[in-house]
Structure formats: structure tokens, C-alpha cells
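Participant: In order, the protein sequence lines correspond to chains P and A.
Residues 1 to 326, numbered by my numbering, are exactly what the first sequence covers, in order.
Residues 327 to 696, numbered by my numbering, are exactly what the second sequence covers, in order.
One-sided and incomplete, this derived list gives chain A residues near chain P with beta-carbon spacing under 7 angstroms:
{"hint": "1", "residue": "443"}
{"hint": "2", "residue": "446"}
{"hint": "3", "residue": "665"}
Computed beta-carbon distance windows for the label pairs:
{"hint": "4", "chain 1": "P", "residue 1": "304", "chain 2": "A", "residue 2": "598", "range": "51 to 57 angstroms"}
{"hint": "5", "chain 1": "P", "residue 1": "278", "chain 2": "A", "residue 2": "649", "range": "46 to 52 angstroms"}
{"hint": "6", "chain 1": "P", "residue 1": "286", "chain 2": "A", "residue 2": "523", "range": "56 to 62 angstroms"}
{"hint": "7", "chain 1": "P", "residue 1": "126", "chain 2": "A", "residue 2": "338", "range": "43 to 49 angstroms"}
{"hint": "8", "chain 1": "A", "residue 1": "387", "chain 2": "P", "residue 2": "304", "range": "57 to 63 angstroms"}
{"hint": "9", "chain 1": "A", "residue 1": "603", "chain 2": "P", "residue 2": "278", "range": "58 to 64 angstroms"}
{"hint": "10", "chain 1": "A", "residue 1": "650", "chain 2": "P", "residue 2": "19", "range": "51 to 57 angstroms"}
Read the hints as simulated data drawn from the structure, not as lab findings.
Where a beta carbon is used, it is the ideal one built from N, C-alpha and C, also for glycine.
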Amino acid sequence: MPQITLVEAINQAIASEMARDPEVVMMGQDVGRDGGVFRSTAGLLDRFGPGRVIDTPLAEGMIAGMAIGMAIEGLKPIAEIQFSGFAYTTIDQILNHAGRMRYRTRGRMTCPMVLRTPCGAGIHAPEHHSESPEAMFAHTPGIRVVYPSSPRLAYGLLLAAIRDPDPVIFLEPTRLYRLIKEDVEDDGIALPLDTCFTLREGTDVSLVTWGGMVHETLQAADRLADEGYAAEVIDVATLKPYDLETVLASVARTGRCVVISEAARTAGFASEIAAAVAEHGLLSLMSPVQRVTGYDTVVPLARLEKHYIPSVERIVAAAHRAIEFS
Amino acid sequence: MLSTAVARFEIQYTQFLDEHGRATREWPDFAKDLDQLVDLYRWMVLMRTYDAKAIALQRTGQLGTYAPILGQEAIQAGVGSAMKSDDVFLMTYREQGVQLMRGVTMTELFLYWSGDERGSDFSGPRRDFPICITIAAHCTHAAGAAYAIKLRRESRAVVCALGDGATSKGDFYEGMNAAGAWQLPLVFLVTNNQWAISVPRKAQSAAETLAQKGIAAGIPSEQIDGNDLIAVREAMDRALARARSGGGPSLIEALSYRLSDHTTADDASRYRSADEVADAWKREPLMRVRTYLVAKGAWDKAREEVLQKECNQRVQTAVKAYTDTPMPEPRAMFEHLYASFPPGLESQRAELDAATPEPAHAAADENPDI
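Using the sequences and the hints given, assemble the complete structure.
Facilitator: Here it is in C-alpha cells:
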């Protein structure tokens, strides 16, 4: 089985689904001849032609809006926004149109589309290239928000996202694009959406996270194991609609919960998990739910970004607070 | 002198039937068929009758905020008659006349304007998009739909209707630019009714015409008298033929006037003079067709009275069907969010059920117009 990176897994999933389903098209800026600025669409133009691998004019709102029109007319567009900082102009289209079309037409029209965008800091990129906007999308009814954390999950969840009959925002952790390699079988088998993945079982504390932060969280769990604490690591994976049951079941076993998110703290998705655990799992909790997140600041530029992204040390410290609370 | 003109543009204005009901130039063949003109005139009268009733329903508390189409009937009859049923129509909230001609029922229109999503589940044109309330966002949807049609090599066309205010928005430029770049089978129909709520056309843009905005995207663009049924139909026929034959997009700026308030929640007397409106009434679109048909002996007072009665009856029947429609169940807000119901939402739906006393359902059923 070939060992591939996360960005290669994305490419493999798109190619696999385009070969299987002639209605799937790939669109975005520089996705054709250039193969995408991260090469996630490399080779697709030669294989599927310019009708289905579409270099678009430079207008993100148009890319999202066209994807809606294409999806309603029966195509299954995958739209790439080069960086999530440029995705803000798509929010009108996603919130007001993609997420509502099925509802407002009582099921007459649907938007089976995927909006892919690289997310998060940590690659020394210029301004507006390090955003974590998942909570903005997760607040929107009628759409799915999916954020994979490994090559295998990226492959299986992207297949599922393309096949899903509703709009999916597919966030890709930029700093994991080439950081890790995994065995990924190009077998066309999708992984389930709307469900958490328990990446490691443990009894002392539940570490709940998603996307790029899964990497640091697994390292924190290793550190905790060295100290004799068994941490359970839960990758939420689909943030909307999310699988609260798995989180609650884990907290019921461990009695302690730390939520780790790269995004700014206030009104972030970590707050949603913390609130839901407090609301439904209070009697299981032996300590307050801890949030380890980015700060309520602008994501700093390259020189300071590593101080913004929650570190393994901060996660371990939060786990200690949860475990040693008295 | 080293600089040279590298591009020039010109915007043509077309009119066939003037405000006095006189032909101003040689007519296209379809317009020489008096039966067809009578048929379109009948549609325009039905639109106006329906529109007046919708306002009356709103004024008596039986309909929500409503955007009238008064004064724009020629554009809507021209567009509605030029399009084929398998074409795709994307619209603003002021296109009910086109919707009627494309098979949306009057009852569905009343339902929509009462605040009921079932009014967007059109029984007629199933491929037409629902009304786009957010201005110009649908210009990019139209480009996407047209791209899909072109990719499949179908001979269908997409018509995207928008207003003068919408031509100030980025989505309009982005949609037009895409349509031009890919030569999509798409017609942008700009109803320039001179007012975007309280902002007059002159304050909206320094461009001499709105049509010329299409030139910037490389799209054949023209201006017509939008109160002239013949001009609208003729321009639409040409643009649709171009779209269907692979000739790419078009832009038509149809000059008209919003004779009504913006919506029933608006009072246009706050920002425009009665004299201006009275002057605009002289150019309204119905009278000139009637004058022409009467002069040709194809219409008379007796036929007009019969038509008015027919239209009133059709509208009354639709009002009855609308007021007889039971209120939606509160639970309906949890339907059609996703293809399948997310289990995590079950507790919220139960919360709604618990907060909805049973008698409320019964009262709503007995009293559908509340």
C-alpha cells in the first residue's frame, strides 16, 4: 500500500470520484494547468479535460455562486478557494443560498457541492493565509463542515463529501498537507460523515479536537502517557452536524474533558463542545471543561504564529488542570 | 500622438411600439400576428389584476410584505413568452408575471408572499430557481447553471432577471464576467425601473446606460423600451437564439418605471414627486397595446369587460385556494434541512414540539388566514 501525504490523498480522492462519476467537476483558481497552488489538483486537467477541471476567473464569490448553480443543474462541483482567508466573500453564497436551497424549496432543489479550502496557520504564509473560520461555517444551518486530520481521513471523508447530497465545506489543515504520510488504499471507499473518530482510547481525560490540532493533541497524549495518564483522543472530523454522543460517552468514561482548537476562543467551536458537555454531561465531570485555543487576537504573521497555535505544552498543562482539579 | 483607440462601444436602443400605440418601425413577424398580441395583452391584464389583488390582500392583513410588478408587465410578458419551458429562469422578487406565464400558480405566489416556503416548491417550472432576495447573488448561480447546460451540450438557455440597483453589485459583474469568459448560454435581463427603493437611477451609477456594463465583460449588450412588449419579445428572441446556438451571453437593459412603491412596506412619496409618477403613467405598457389592437379592430370595450371578469374570477379562485391551504406545522422548519434528518437535531425538534401546544395546530387549521 502506498504511503502518501494528506494533499496527495485529497488529489487521489478527487481523481477517484471524477473517474467514477461524470457529473463531478473540479473548479477554482489555478486548479487546471497549475494543478492548484498546493498541487492538490495536479494531473487532473490532463486526465479529465478543461470542461471538468475548470480554471476560473479570480472571484471567490463567483466560484461559490457558480458551484451552487452547477449543483442545482445536476453537476457535482468541487470548488477550491485557495486559502480560507479568501473564503469570507463566499459566506453570503454559502449561508444565504447553498445552505438554504433545499429548505426554502421544500426539497425541490438541492446543492450537492463541496467547497474545499486550506485552513490554519503554521506554514509561514503571508497575511490572510492562516485563518481558522470553521465556527462561522458551523453556525450555518443546512451545510456540513468537515475537517480531516490525516491522509486516510482526508481521502475517505472527501469521497463522502463529494457523494453527499448536501453542501459540504471541506477544510484542509494546511500544515499537515505534507507533514505526515500514511498508507492509503485508493479503493473508492468513503468514510462516514457526521461521526467522531476515536483515535486513541484512554480512561483519564478526553482530548477533543479536529483538523490540524489533532497532530499536537496526539503528541500531548504521548506525553501524558509517559507520565502515566491515559488520554482518549477524539477527532470530531465533522463539525456540522456533529456527533455529540461520542464525546459525551467518552466524558462519561474519563470524567474530564479538554477541547483543543486552533481558532480564536470566543464563540468558537470549542465553546460549543464545552457548553454541550456541561449541559448534558455535568454529572460525569470531575473537573471543569478546559478549552485550549488560539487567542482572541488576529492570527499573527509568520514570526509569531507558533506562539498562537496551541502547543503540545499548553494541551498537556490543560490536561493536568483537568486531571488534578480538586 | 502615440495613443490609439483600441476599443469603442455603442449601445443601441430599440422601440417598436410607442406610448401612443403607434408602430415606430417595421415590426418582426411574430408581432404581425394579432392573435398572438391579443394573447400577450391578456397575460398583461391578468398580471395587473393579480398584482392589485396581492396588494389588497396585504392591506387587509391576509398577505405579508409584497413587491408589486405594476408598470413592468410588458417586460414580464415578453420574457415569459420568449422562454421555453425547459429553459431556466432566475429571478428577483419582482418577476411574478414571468412566473405566472411559466406555470407557477397564483396560489403558490400568494403562499410565498404570505411567508410560506411551500410557495417556492413550484408545481410548474421545476428547474426555475426560487426568488433571490439578496440582490444580484443569483447572477453567479445563473452562470453556474449555464455552465452545466453548456458542458452537457444541451440547447437550453438561462435567463437571469435583475434590477437597476443590482448592476452596482460585485456579483453582477462576477456573473457577467464568467458568462463572457466561457461564452455561456445566458441572458441577463436588467429591468431598469429607475428606482432602487429610494435611490434613483442617476445616483446609482455614472454610466450613461446600464447596458454598457455588459460591454466591459465582452457581452453583446443593448437597451430597449421595456414598456414596449414588441421590443422586449424581439430582443429576448434574438438573445435566446444566440444562447441556444452557442453564440454566448447577452445583456438587455429594459427601460421601465416602477409605478408602485418598492414594497407594501414602502412609501415612495417620501422620495419622489407625484408629478414624476404621473408622467411615467403616460408611458405605461398596457394602454399602448390596447390602443394598437383597438385601432386594428382586434379588441374592443366588450372584450375588455369579459377579460376583466375572467381575470377577476381566476384571481378569486386562487385566493380561495390560498386561504383554504392549512398553515404549515411548526415541525416543518425541521424538514428539508438535509437529505436525511441529523440525529443530533432530534432533541431540538422535541423542544419545539414541547413548546407548541396542541390547540395551536387546531386553531391554525380552522383559521388559515391568520
